[in-house]
Amino acid sequence: MSNGGAGLDGLMTAERDELMERVAYLEKQTTDQAEELTCLKSALADCLRRVQVLETSRGTHSPSRRTTASRTASESRAGKMPSGPTPYPTGRQTRHMPRLPAASTMSSASKRPPSQVSLRTTTNVGLPSPSSAAAPGLKVGGSSGSGTLARPPTSSSKSGSREPTYLRDEGLLRTYLRGRCLNFYAPTDVASDYDFSAVLDVPEEQLKLEWVYGYRGRDCRNNVYLLPTGEVIYFVAAVVVLYNIEQHSQRHYLGHNDDIKCIAVHPDKITIASGQTAGHAKAEGRPHVRIWNSVSLETLQVLGLGVFENSVACLSFSKTVGLCPSSPGLSRSRLPSIETLEV
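In full-length UniProt numbering, the protein residues as written are 1 to 343.
Simulated from the structure, these hints should not be mistaken for lab results.
Fair warning: this is a prediction, and the values are worked out from it, not measured in the lab.
Think of the CB as a built atom: it goes at the ideal place given N, C-alpha and C, for glycine as much as any other residue.
Just the calculated beta-carbon pair ranges, DEER-fashion: (1) Q301 to L26: 26 to 36 angstroms; (2) L54 to Q29: 29 to 39 angstroms; (3) Y185 to Q52: 34 to 44 angstroms.
Under the rule of at most 27 angstroms between Cα atoms (straight-line distance), these lysine-lysine pairs were calculated in the DSS-like manner: (4) K28 to K319; (5) K28 to K41; (6) K269 to K319; (7) K41 to K269; (8) K28 to K269; (9) K41 to K319.
Hey, can you work out the whole structure from these sequences and the hints?
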């Protein structure tokens, strides 16, 4: 009986060993097939990239023309601009005169202490104008009551308008950005005949980014990766650069609207995730994560809008649930908040 039990144990041991060998063989075969599949995907991505480069070099891709809606929008924006240049008399430059305050404003100003009234009138009163002559019931004077005229207003307080203005005599286009005055000088050959209110046709040509210099490494880590296609991927400012070492060429992902702080590469080596900081725009400038294809440079998904406060500092893909970036956002309290965003 003992001999029969020993024979049965030996048979079970042999079957177990054979089963373990078959399982190990199947695992090895599965791993090899997964590696071959990754290589095929990389080769396909490289072929598609080469085809795209070839088509671009031959000029088959014509620049996309803007639709009539963009032209209508430009016309509506131009309609808000001043209808003509600012007139100047011959021989001297006219300064913009401030408008006189209304009667209610003057009555409220008369109730204030004398020091405040004199300060207000000294600041707002300029040279006499036809509008001031048309109001005989108003008398404006300095603190001494002698009617001394104050210094004319500066360029920052002229007319209080922030609309762009073209000064024809100077050939100068003056506009304001965030309260700051910016001057743009027109070319000499078109300065005298330039019409600021004219609506021009939308040009068919478009600018194309050819080369990006620099690399962000001062406040970022884990920001350089090597793709199976032979391209090095990194970022600077709001651009993700895919640099081909052999061909010394660059491709660029331009989906972000502010500085990029982190990137991550999916295990398939094709899908990329990149996170950015908060921008100036309230709606589109919020921190978020973009998932995009490194071959076609098309955006697949935008995640995290309204989730993060200031910035997305780090990204990582989960190997258990697939495409699942985990992004710490830097808040005002300096405490990182980790969020899991599922695709």
